[in-house]
Amino acid sequence: MSEGRPSAREAEGGEAPAELVERVLDICGQHYAAVTGTSSDQWDQESAREVVGIALRTVPMAERDAYPQTLETYLHEHRALLERLWQRYGPDGMFAGELVLVDLPGCFVLCERIDNTPLWLEGVWVREGQEENVLERLKNAWLYDTGEGEGDGR
Numbered sequence: 001m002s003e004g005r006p007s008a009r010e011a012e013g014g015e016a017p018a019e020l021v022e023r024v025l026d027i028c029g030q031h032y033a034a035v036t037g038t039s040s041d042q043w044d045q046e047s048a049r050e051v052v053g054i055a056l057r058t059v060p061m062a063e064r065d066a067y068p069q070t071l072e073t074y075l076h077e078h079r080a081l082l083e084r085l086w087q088r089y090g091p092d093g094m095f096a097g098e099l100v101l102v103d104l105p106g107c108f109v110l111c112e113r114i115d116n117t118p119l120w121l122e123g124v125w126v127r128e129g130q131e132e133n134v135l136e137r138l139k140n141a142w143l144y145d146t147g148e149g150e151g152d153g154r
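Numbering-wise (the numbering used here), the sequence shown opens with residue 1 and increments by one.
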């Protein structure tokens, strides 16, 4: 029942160090540029940094040093799903404009966190004052609208 919830020990860390936020944002940005064909001058850097910071609050302290590599591996393994998400919800997609988070490279770290710590992410998201339905829409799109392909791991 407490799946995805932190223990008190894991939650101790709170805010991630700025250098970790930047490393993760850089990894997301590289993958996002490859998937979307956009570049960093087209992204809202402040919002992307905020999203990454929120997502990193759900990475246990003991796992933070290894997290950039974990994320890199995850993004490589889920490339086809990330492309499908962009094709459907990006500016030229059938559902363009329905997912505001898809306009930020930080949405890729949110997808990873949705798969690995969904309840913790939701709790932190709301506690940080973010609009709940924005994350809920991304979660539903990620979990239920990207897995139609063969061999995509869903």
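Please keep in mind that the hints were generated in silico from the structure rather than gathered at the bench.
There could be a bad hint or two in this list.
[Stated by the list, open to error] Estimated spans, in silico, between C-beta atoms of each pair:
id	residue 1	residue 2	range
1	Asp44	Asn140	20 to 26 Å
2	Pro68	Arg127	31 to 37 Å
3	Phe95	Ala34	20 to 26 Å
Note that the Cβ used here is the ideal one computed from N, Cα and C, for glycine as well.
Checklist line | Assessment of proposed distance window 20 to 26 Å (beta carbons of aspartate 44, asparagine 140) | finding: Cβ of aspartate 44 to Cβ of asparagine 140: about 23 Å, so the range 20 to 26 Å holds.
Check: When you take the CB atoms of phenylalanine 95 and alanine 34, is the distance between them in 20 to 26 Å?
Finding: Given about 21 Å between the Cβ atoms, the range holds.
Next item on the list: Check the following: the C-beta atoms of proline 68 and arginine 127 are separated by a distance inside 31 to 37 Å.
Entry: 24 Å, violated
Violated hints amount to a single one, hint 2; each of the other numbered hints is respected by the structure.
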